[in-house]
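Protein sequence lines, in the order shown, are assigned to chains A and B.
The numbering of the first sequence is our numbering, which starts it at 1 and goes up by one.
The numbering of the second sequence is our numbering, which starts it at 1 and goes up by one.
Keep in mind the hints are simulated off the structure, nothing from the lab.
Treat the numbers as computed from the prediction; the structure is a model and nothing was measured.
Don't take every hint at face value.
Said to hold, decoys possible - Here are a few chain B residues that face chain A, going by a calculated C-beta distance under 7 Å:
#1 His-4
#2 Met-77
#3 Ala-78
Stated by the list, open to error - Computed cross-link-like contacts, DSSO-like style, restricted to lysine-lysine with a CA-CA straight-line distance of at most 27 Å:
#4 A:Lys-252 to B:Lys-66
#5 B:Lys-136 to B:Lys-48
#6 B:Lys-224 to B:Lys-136
#7 A:Lys-252 to B:Lys-149
#8 B:Lys-73 to A:Lys-205
#9 B:Lys-73 to B:Lys-136
#10 B:Lys-224 to A:Lys-252
#11 B:Lys-73 to A:Lys-252
#12 B:Lys-193 to B:Lys-106
Said to hold, decoys possible - Pair by pair, the computed Cβ-Cβ distance ranges are:
#13 B:Glu-22 to A:Ser-58: 40 to 46 Å
#14 B:Ala-216 to A:Asp-199: 47 to 53 Å
#15 B:Ile-5 to A:Arg-47: 28 to 34 Å
#16 B:Ala-8 to A:Phe-40: 32 to 38 Å
#17 B:Gly-220 to A:Ser-58: 57 to 63 Å
#18 A:Gly-59 to B:Ile-68: 32 to 38 Å
#19 B:Arg-61 to A:Gln-162: 57 to 63 Å
#20 A:Gly-34 to B:Glu-219: 39 to 45 Å
#21 A:Lys-36 to B:Glu-22: 51 to 57 Å
#22 A:Pro-117 to B:Tyr-15: 37 to 43 Å
#23 B:Glu-158 to A:Ser-58: 49 to 55 Å
#24 A:Ser-21 to B:Glu-219: 30 to 36 Å
All C-beta atoms in this analysis are idealised placements derived from N, C-alpha and C, irrespective of residue type, glycine included.
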Amino acid sequence: MNMMSEAAVEKALDQKMNDVSYKMVGKDVSVYYGEKRALFDVNLNVRENTVTALIGPSGCGKSTFLRCLNRMNDTIESCRVTGRITLDADDIYDPSIDVVELRARVGMVFQKPNPFPKSIYENIAYGPRIHGLARNKADMDQIVEASLQRAGLWNEAKDRLQESGTGLSGGQQQRLCIARAIAVSPEVILMDEPCSALDPIATAKVEELIHELRSNYTIVIVTHSMQQAARVSQRTAMFHLGQLVEENDTDKMFTNPDDQRTQDYIMGRFG
Amino acid sequence: MPSHILSAYDEDLKYLNRRISEMGGLAEQMCGDAVRALVNSDGALAQKVISDDVILDHAEREIQEKAIITIAKRQPMAADLREIIGTLRIAADLERVGDLGKNTAKRVIAVQGTGVPRKLARGLEHLSELALVQLKEVLDVFSSRSVQKAEAIRQRDEEIDAMYTSLFRELLTYMMEDPRNITSCTHLLFCAKNIERIGDHATNIAETIYYIATGAQPEGERPKDDTSNTLGAVAE
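Bound conformation, chain A alone (with noise of 0.2 Å):
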């Protein structure tokens, strides 16, 4: 007696469907290295607490769109972005946004971890500090010990803060890295490909961790490690020679994906 019609139900899931809420929207994303394209109208939103891995061969443009998120690219001489991208709505490209500022919300942490040669301590108070998110040294100590522990190193580091990061292992330092991305309270963390130098428990110790920093975060992860993309992410966006080619829960993805690309690199046969 009481069921739902047809048209509510799919009213409801309409609504479901608009309940996503997207942290960053990229529209007709478009790169270029001087006269060569990297990127042709990418098209692709992140959702919020949400992890995003962006897969594909070597050179088809995830790390370039990665970078597009934090103005990366900026750093680039040659590099010209187009289209327009949000962040909470505001145009990340707008002359009027301090890019500094921009990198604090939209955090990044590297393929190769990359410490500053200096204390353990250092490595994460250094930012807290540019953007004077700490009043005095006991809320510094506070961010340091924090970050530290989100980013599951605080047992490992606790008794050698003043030591130096890069004596730290390749996991640690990794974890260090994202320790350091966290200390400065970001809404976003891009990962470019932070496990491809890490032995299996690192990247596991990694993989935790971004499954931990969902709750709070929103993360984008470019990876080369299928297995990895399809345990990390809910999302999963494949893109080919500079095209978003699909984009898709990652459930999805990799048992059934629409696309015959996506299919063929997935399973490493012949594209």
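Given the structure of chain A, go ahead and fit chain B onto it with the hints provided.
Okay, now just chain B, sitting in the frame of chain A:
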């Protein structure tokens, strides 16, 4: 579909496919032989069916091991993953088909003394022909991967169910006519049920092939015309 960059991966998948086809061929032959042994009271043939089942069981285990190693080694995705999981399911179905053939063969000895009435024998033969055609066609579809044909096979299980129900009725009638028929008729009833189950396994396989090819489960309930579960009321 393009081949894998790793050719050994293609070999792994081909091996699984080939073993399934072999299992299918053997299962089909066993079931045909079992019914023939039953109708002709051929004890030697029945014995052969029983010993063939060992080969079939062994083949299923080998397929399982190969599939597990392939999953561990290659981390298959999408269509490859569905293919390997599908292979595991189909191997299990075929192994069950073999068991049903063997069970039928075992009953040959029990009904040997009494003989099978001509009319019932024809009915059983006809039922098994239907089931074996289903099995044979589904194995062909496994090679061709035709989604339409897989759907068609699924729809046809109804015929077998209807045939089984009418045989069930007939056997009841025989038992009521003369209680001395009860032993052999009960055995024949199990045989008929075995054959009907083979049709169900063929339908399972058709559904698995549909899944391998499309990544979706076939829609709707499978058609059923087995009403023997309500026949008790009629017989009273």
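Checked hints:
no. : hint                               : result
1   : His-4                              : holds, 5 Å
2   : Met-77                             : holds, 4 Å
3   : Ala-78                             : holds, 5 Å
4   : A:Lys-252 to B:Lys-66              : holds, 26 Å
5   : B:Lys-136 to B:Lys-48              : holds, 21 Å
6   : B:Lys-224 to B:Lys-136             : holds, 20 Å
7   : A:Lys-252 to B:Lys-149             : holds, 26 Å
8   : B:Lys-73 to A:Lys-205              : holds, 22 Å
9   : B:Lys-73 to B:Lys-136              : violated, 32 Å
10  : B:Lys-224 to A:Lys-252             : violated, 32 Å
11  : B:Lys-73 to A:Lys-252              : holds, 22 Å
12  : B:Lys-193 to B:Lys-106             : holds, 14 Å
13  : B:Glu-22 to A:Ser-58: 40 to 46 Å   : holds, 41 Å
14  : B:Ala-216 to A:Asp-199: 47 to 53 Å : violated, 39 Å
15  : B:Ile-5 to A:Arg-47: 28 to 34 Å    : holds, 32 Å
16  : B:Ala-8 to A:Phe-40: 32 to 38 Å    : holds, 36 Å
17  : B:Gly-220 to A:Ser-58: 57 to 63 Å  : violated, 45 Å
18  : A:Gly-59 to B:Ile-68: 32 to 38 Å   : holds, 36 Å
19  : B:Arg-61 to A:Gln-162: 57 to 63 Å  : holds, 60 Å
20  : A:Gly-34 to B:Glu-219: 39 to 45 Å  : violated, 53 Å
21  : A:Lys-36 to B:Glu-22: 51 to 57 Å   : holds, 54 Å
22  : A:Pro-117 to B:Tyr-15: 37 to 43 Å  : violated, 54 Å
23  : B:Glu-158 to A:Ser-58: 49 to 55 Å  : holds, 53 Å
24  : A:Ser-21 to B:Glu-219: 30 to 36 Å  : holds, 33 Å
Checked against the numbered hints listed earlier, the structure breaks hints 9, 10, 14, 17, 20 and 22; every other hint is satisfied.
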